[in-house]
Structure formats: structure tokens, C-alpha cells
Amino acid sequence: MMQTELPVKGEERFKIPGKYLLFLLTLLCAGLMILTFRSSFLSGVFRTVGSFLVTPFQNGLNQVAVWISDQADRLDDIERLQEENRLLQEQVQSLTTDITNLQQDRYELEQLRTLYALDAQYEQYNKTGARIIAKDAGNWFHSFIINKGSQDGIMVDMNVISGAGLVGRVVECGTNWSRVQAVISDNTSISGMVLSTADNLIVDGDLELYEQGLIRFSKLVDNAGKVKMGEKIVTSNVSDKYLPGILIGYITEISDDANNLTKSGTLTPVVDFEHLETVLVILERKQSGGDE
Amino acid sequence: MLMKRMIKVVSRRVLFTLLLIVICFALQTSVLRLSFFGNVSPNLMLVLTVSLALMRGEIPGLLTGFFCGLCVDVFYGDMIGFYAMILMYIGFLCARFHKMFFPENMMMPLSMIFVTDLIYGLVCFVFLFALRARWNLPHYLFRVMLPEALYTLMVSVLLYPLVLRLNGWLEDLEQKGARKFV
Chain W
1 MMQTELPVKG
11 EERFKIPGKY
21 LLFLLTLLCA
31 GLMILTFRSS
41 FLSGVFRTVG
51 SFLVTPFQNG
61 LNQVAVWISD
71 QADRLDDIER
81 LQEENRLLQE
91 QVQSLTTDIT
101 NLQQDRYELE
111 QLRTLYALDA
121 QYEQYNKTGA
131 RIIAKDAGNW
141 FHSFIINKGS
151 QDGIMVDMNV
161 ISGAGLVGRV
171 VECGTNWSRV
181 QAVISDNTSI
191 SGMVLSTADN
201 LIVDGDLELY
211 EQGLIRFSKL
221 VDNAGKVKMG
231 EKIVTSNVSD
241 KYLPGILIGY
251 ITEISDDANN
261 LTKSGTLTPV
271 VDFEHLETVL
281 VILERKQSGG
291 DE
Chain F
293 MLMKRMIKVV
303 SRRVLFTLLL
313 IVICFALQTS
323 VLRLSFFGNV
333 SPNLMLVLTV
343 SLALMRGEIP
353 GLLTGFFCGL
363 CVDVFYGDMI
373 GFYAMILMYI
383 GFLCARFHKM
393 FFPENMMMPL
403 SMIFVTDLIY
413 GLVCFVFLFA
423 LRARWNLPHY
433 LFRVMLPEAL
443 YTLMVSVLLY
453 PLVLRLNGWL
463 EDLEQKGARK
473 FV
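Quick note, the sequences are listed as chains W and F, same order.
The first sequence maps to residues 1 to 292 in this note's numbering.
The second sequence maps to residues 293 to 474 in this note's numbering.
Read the hints as simulated data drawn from the structure, not as lab findings.
Be a bit skeptical, because a hint or two may be false.
[Said to hold, decoys possible] Within a straight-line C-alpha distance of at most 25 Å, the following computed SDA-like cross-link-like pairs (lysine to any residue) qualify: (1) Lys135(W) / Val418(F); (2) Lys219(W) / Asn428(F); (3) Lys228(W) / Gly265(W); (4) Lys135(W) / Ala422(F); (5) Lys135(W) / Phe434(F); (6) Lys135(W) / Val314(F); (7) Lys135(W) / Leu319(F); (8) Lys19(W) / Gly349(F); (9) Lys135(W) / Phe421(F); (10) Lys135(W) / Met371(F); (11) Lys19(W) / His390(F); (12) Lys135(W) / Leu442(F); (13) Lys135(W) / Asn331(F); (14) Lys135(W) / Leu438(F); (15) Lys232(W) / Glu172(W); (16) Lys300(F) / Leu53(W); (17) Lys391(F) / Phe23(W); (18) Lys19(W) / Met404(F); (19) Lys300(F) / Leu21(W); (20) Lys19(W) / Leu442(F); (21) Lys135(W) / Ile315(F); (22) Lys286(W) / Asp370(F).
[Stated by the list, open to error] Label pairs and their calculated CB-CB ranges: (23) Asp157(W) / Met446(F): 36 to 44 Å; (24) Arg86(W) / Leu414(F): 28 to 36 Å; (25) Ile34(W) / Phe434(F): 29 to 37 Å; (26) Val449(F) / Asp256(W): 47 to 55 Å; (27) Asn331(F) / Val49(W): 46 to 54 Å; (28) Met229(W) / Phe389(F): 51 to 59 Å; (29) Asn331(F) / Gly163(W): 17 to 25 Å; (30) Lys19(W) / Leu414(F): 19 to 27 Å.
Cβ atoms here follow ideal geometry from the backbone N, Cα and C, with glycine treated the same way.
Taking the hints into account, I'd like the entire structure generated from these sequences.
See below:
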């Protein structure tokens, strides 16, 4: 008797109606959302656990994808390379003469740079290279995962650049990975300034405008009306997350706001976010003098 | 004895589902983002949730949705629990059609995947964009939601039969175990 009864009991006990489970998990989700909306204490724990499960898979799959595309490219390459080789031989001739001229120019340029103390500031920062191993899971915001983390000396809020200019900043950091939020992401805003006039403005990422390769800026105070199209916009001195003087992009459009005090418009970022593969992380954080 | 066997069956299913989630998540975030599709990635998490909800019913469906969403939350969300909640409800609602489900019928699961992906996009738009006063629905519809839903549909034409076959194989295994037990 006992033996026939027990399993039945066990089976009944096992069946929780789906509605109750749904209700419980909804409460759990709501609780987690409230807890993690402002503080990152709990999400840090989750992320560390998750990264050990998923990062190796992502790394491996990425390598497979790169390998496949390499093989496909190789066949095309042979034909193309032969043609290219011929053209390049011709170019070498003309370039050799160019180089001699350029070397002279460069010597002159270097002298002028030291003279004007225009040596770009971010050439002096300590940097480390990193490879992008995964993109955002959704399609609404632009962030990506790089293959270096706290064990390589990366910390949250470090700035990320690529050869041409500002890419974004590190917003999360695991032991062997970190998440970078791009400047074009819809939920970022940066304090920037116009290089030539040092007027401050706010640069906002915008998903809608990014389709046209643009990002929005606003709150530019320019009473003298000196700021024109094509001016360089760099990160400002007063930004609390970004190091000063990193190039963001060029103004493509500018117009007066309705209040007649400020101006807004769009700018073209210098970094090509579609084809980004490797980035540089600046291993220095801005000292904002706040409570940090 | 029966209890013990049930635990074995359930834990095998759980392990199988977890492995599937991790692999799909890694695929979704790395290789499947293609530029000719407007640089969107397919929503494999949603495909998994809908197909498992249809095949296995209410509780497995909503749990799969919950853990799929948790994966996305943990890596990319600003707050944990948002995507988990959406996918959980999708799993729960799709399980309502569990009784109408036949393995031979491919049209119903595929059309459900397409429709739920649009709903998923709409919910994301309302809570993540409209609440921040970004109203341009047609733009987001044509540039994000529709490409994502179409691409997801294309991928699920391949992924869904695979999940179906794996699930069938798992059920066969369980039945064999049951016969041995009897």
C-alpha cells in the first residue's frame, strides 16, 4: 500500500499550477528590477556568474566565424593579389619619391608641433588593445563586449578609442571581459566642446539619426555665432567620465533653438561603428574630484 | 522509485534546455549579426521560448522564457528582470496553444514566432523608448522591429525543426527509460 501511495503523492506535490509560478516569478522580476535600477550591487554578482558560463562560447564561436570568412576570402584573394601586385609595383616607384618628400615635410611638421605645443594629448595616455568578441543581444542600443577585463587592468569608466576618435566607455567589467557602451548608443550623452571656440555642448546618441551616420548635439551656447559646419567637436574639460580633448566628430548641421539662446544640430562621428573590430582602452580614468 | 525517475527525467530536461539557451545566446551575440539585414541580430531566445512552450506546455515554457530573458538581462540590460519578464509572459501565453500543437504542423509555430517577435519589439519600444519621449514608431518599426522579426523567422525555419527533433529524441529516451522501469 505504502509503495503505491507514495508516488501518487509525490506526483501531486510536484504539480504547481502555472499561474502561481507565473505570479511568483513576476514578483521576483519586479523586485529585481527595482533593486537593480539604480544600484549595481546585485547585477555585479549575476554578471560574474554568467560570464564564466557564456564568454568561452562566445570566444570560440567568434574564432570559428573568423576562420570561415578567412577561408572564403582566400580563394578570391589569389586572383586579386596577382593583379594588385602588378599595380603595386608601379606604385612603389612613385611612392619612393613621395616618401623622400614626405620625410622632409614630417620633420618640418614635428618642429611646428612642438613649437605650438599642439601635440595631441591622447598620444601620451597608456593604452591597451582589445578585440570585440560580441555585439549587443538586442537591436535597440549599441554596446559590445571586449575580450579584456579587470585582470588586464581595465576598470569601469575607462575611455575607449579607436584610431580615429572616441568609441565609448567601459560600463561593466568582468575578470576577462568588459562591456563598452558606444557614443552612438541611444542612452548615452557626453559633455563635449567645439575645439576652435571652446564652447560647451551636449552630445546625445540617437538610434533614429544613426541610420544616417549622424549623432545629435544640443545646448550649444554660441552668442558670437562663430561655430560653423565642419568644426571639430572633442570631449570637454568639464566632463566627469571622459578625458578631455578626444575627437568625437565634425559638425554637419547647426541651427538655432526656439529659445534663441542655444543651438543644436547633428555631427558625424569619426569612428566607423559598423566595421569596428579592435579598439584601444585608455588605462587612465578622469579625476573628477567628486566623491570617488 | 517513480519519484527518483521523475527527478532524473526533469533534471535531464533542465540540463538540455540550459545548454540550448547558452549556445543560442552565444550564437545570437556573435556570428549571427549580419550587415545585409540592417545589422540586426535574430531573436533566438524568443524562438527557443516559443517552441519549447508549444512542445512542453505551461511551466517549462514560462521557465525557459524566464531564463532566456535573464541571460539577456545579465549581459545587456540596464536593470535585471525586464527581458526576463517579457519572455516569461510570452512563454506562458504561447503555452495556451500547447493543446493545438502537432509536430507535423510547421506553419503555426513559425507564424507565432513572427507575431510574438513583433509584440516583443513593441513592448521594448513602449517601455524603453516611448517613455523617454522618443515617439517615432514608424521609423523604429521599419528599421528595427520588422527586420528583426523577418530575420528571426528565417533563422527559425532552420532552428525550429532542430529543437523539435532534439525534443523528440529526448522524449524517446524517456519512454525507453519508462519501459525499462516497468
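Quiz item: Should the hint that Ile34(W) and Phe434(F) are 29 to 37 Å apart at their CB atoms be regarded as holding?
Solution: holds (34 Å)
Practice problem: Could you tell me whether the CB distance from Arg86(W) to Leu414(F) stays inside 28 to 36 Å? | Solution: violated (56 Å)
Exercise. Please work out if Lys135(W) and Phe434(F) have their alpha carbons no farther apart than 25 Å.
Key: The given pair, whose Cα atoms are some 21 Å apart, holds under the 25 Å limit.
Quiz item: For the pair Met229(W) and Phe389(F), does the Cβ-Cβ distance stay inside 51 to 59 Å?
Solution: holds (56 Å)
Exercise. Below or equal to 25 Å on CA atoms is what counts here, so check Lys135(W) against Ile315(F).
Key: holds (15 Å)
Quiz prompt | 25 Å Cα cutoff - pair Lys135(W), Leu442(F) | solution = Holds: Lys135(W) and Leu442(F) sit about 19 Å apart, inside 25 Å.
Quiz prompt | 25 Å Cα cutoff - pair Lys219(W), Asn428(F) | solution = holds (22 Å)
Quiz item: Lys135(W) and Leu438(F): Cα distance at most 25 Å?
Solution: Within the cut-off at roughly 20 Å; holds.
Quiz item: Would the pair Lys135(W) and Phe421(F) pass a check requiring their Cα atoms to be no farther apart than 25 Å?
Solution: Cα-Cα ~20 Å, so holds.
Quiz item: Is the Cα-Cα distance between Lys232(W) and Glu172(W) 25 Å or less?
Solution: Not OK: Lys232(W) and Glu172(W) at ~29 Å, beyond 25 Å, violated.
Practice problem: Confirm or reject the claim that Val449(F) and Asp256(W) have a C-beta distance inside 47 to 55 Å. | Solution: Between Val449(F) and Asp256(W), where Cβ atoms are some 52 Å apart, the hint holds.
Practice problem: With 36 to 44 Å as the target window, see if Asp157(W) and Met446(F) comply at their CB atoms. | Solution: With Cβ atoms ~39 Å apart, the hint holds.
Checked against the numbered hints above, the structure violates hints 15, 20, 24 and 27; every other hint is satisfied.
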